[in-house]
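K.L.:
Sequence:
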Amino acid sequence: MPKNPAKPLTPDQVLDKMAKYCAYQERCVKDVTDKLKTFDIPQEARDEIIDYLLDNRFVNDERFARSFVRGKVNQSGWGLNKIRFHLMQKGIAKEFIDEALGQTDEEVYRQRLIDVLKVKAKNVKAETDFEKKRKLAAYAMQKGFEGGLVWEVLKEFEF
Numbered sequence: 001m002p003k004n005p006a007k008p009l010t011p012d013q014v015l016d017k018m019a020k021y022c023a024y025q026e027r028c029v030k031d032v033t034d035k036l037k038t039f040d041i042p043q044e045a046r047d048e049i050i051d052y053l054l055d056n057r058f059v060n061d062e063r064f065a066r067s068f069v070r071g072k073v074n075q076s077g078w079g080l081n082k083i084r085f086h087l088m089q090k091g092i093a094k095e096f097i098d099e100a101l102g103q104t105d106e107e108v109y110r111q112r113l114i115d116v117l118k119v120k121a122k123n124v125k126a127e128t129d130f131e132k133k134r135k136l137a138a139y140a141m142q143k144g145f146e147g148g149l150v151w152e153v154l155k156e157f158e159f
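Numbering follows the numbering used here, in which position 98 of the sequence shown is assigned residue number 98; successive positions increment by one, without gaps.
These are calculated hints, taken from the structure and not from any lab test. Just so you know, nobody snuck in bad clues.
Between beta-carbon pairs, the in silico distance windows are:
#: 1; residue 1: T104; residue 2: E44; range: 37 to 43 Å
#: 2; residue 1: N123; residue 2: E99; range: 33 to 39 Å
#: 3; residue 1: M88; residue 2: K35; range: 16 to 22 Å
#: 4; residue 1: Q111; residue 2: A19; range: 33 to 39 Å
#: 5; residue 1: K125; residue 2: D34; range: 37 to 43 Å
#: 6; residue 1: K30; residue 2: T10; range: 22 to 28 Å
#: 7; residue 1: D47; residue 2: G71; range: 27 to 33 Å
#: 8; residue 1: T10; residue 2: R110; range: 47 to 53 Å
#: 9; residue 1: V119; residue 2: D98; range: 28 to 34 Å
#: 10; residue 1: D105; residue 2: Q13; range: 39 to 45 Å
#: 11; residue 1: E146; residue 2: V119; range: 18 to 24 Å
Predicted model, so just to flag it, every value in this text is computed and none were measured. Cβ atoms here follow ideal geometry from the backbone N, Cα and C, with glycine treated the same way.
Can you build the whole structure from these sequences, using the hints too?
P.N.:
What follows is the structure, encoded as structure tokens:
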């Protein structure tokens with residue numbers, strides 16, 4: 001015997017779920033909008049929920065951008081180019097992206113690049129030092145680090 005289909009949620013119930021969703025982890029407006037589309041409620045109710053979440057600071061794109069940058073640099077080892085691209089994909093305003101990226105500590109960022117390169121260097125197979133550096137540079141740039149910084153660090157790099 002099939003189960004009864006779940007009773008649709010009311011807009012108030014969806015608001016409660018969305019408030020918890022936003023309180024659990026920093027979210028951007030696009031994340032919240034995408035999540036709201038999964039609920040069977042009218043567009044007008046979705047708009048009201050977004051407005052409520054914005055007005056009550058459950059959602060804030062500027063705060064999200066700062067948190068995203070910190071997390072991706074410190075935990076994921078991403079470079080600024082990749083971070084910028086992903087923030088743009090999430091619809092974050094350019095001024096928020098620039099401000100968040102500008103708060104990155106240059107020494108910490110450079111050290112993060114060095115750490116990423118040291119870990120990768122252990123597994124890179126190459127015939128010459130140049131080939132190894134080329135492969136390491138390609139890897140670091142794929143992770144979103146700027147080419148100029150990558151080559152500057154690789155010049156000083158000891159294997």
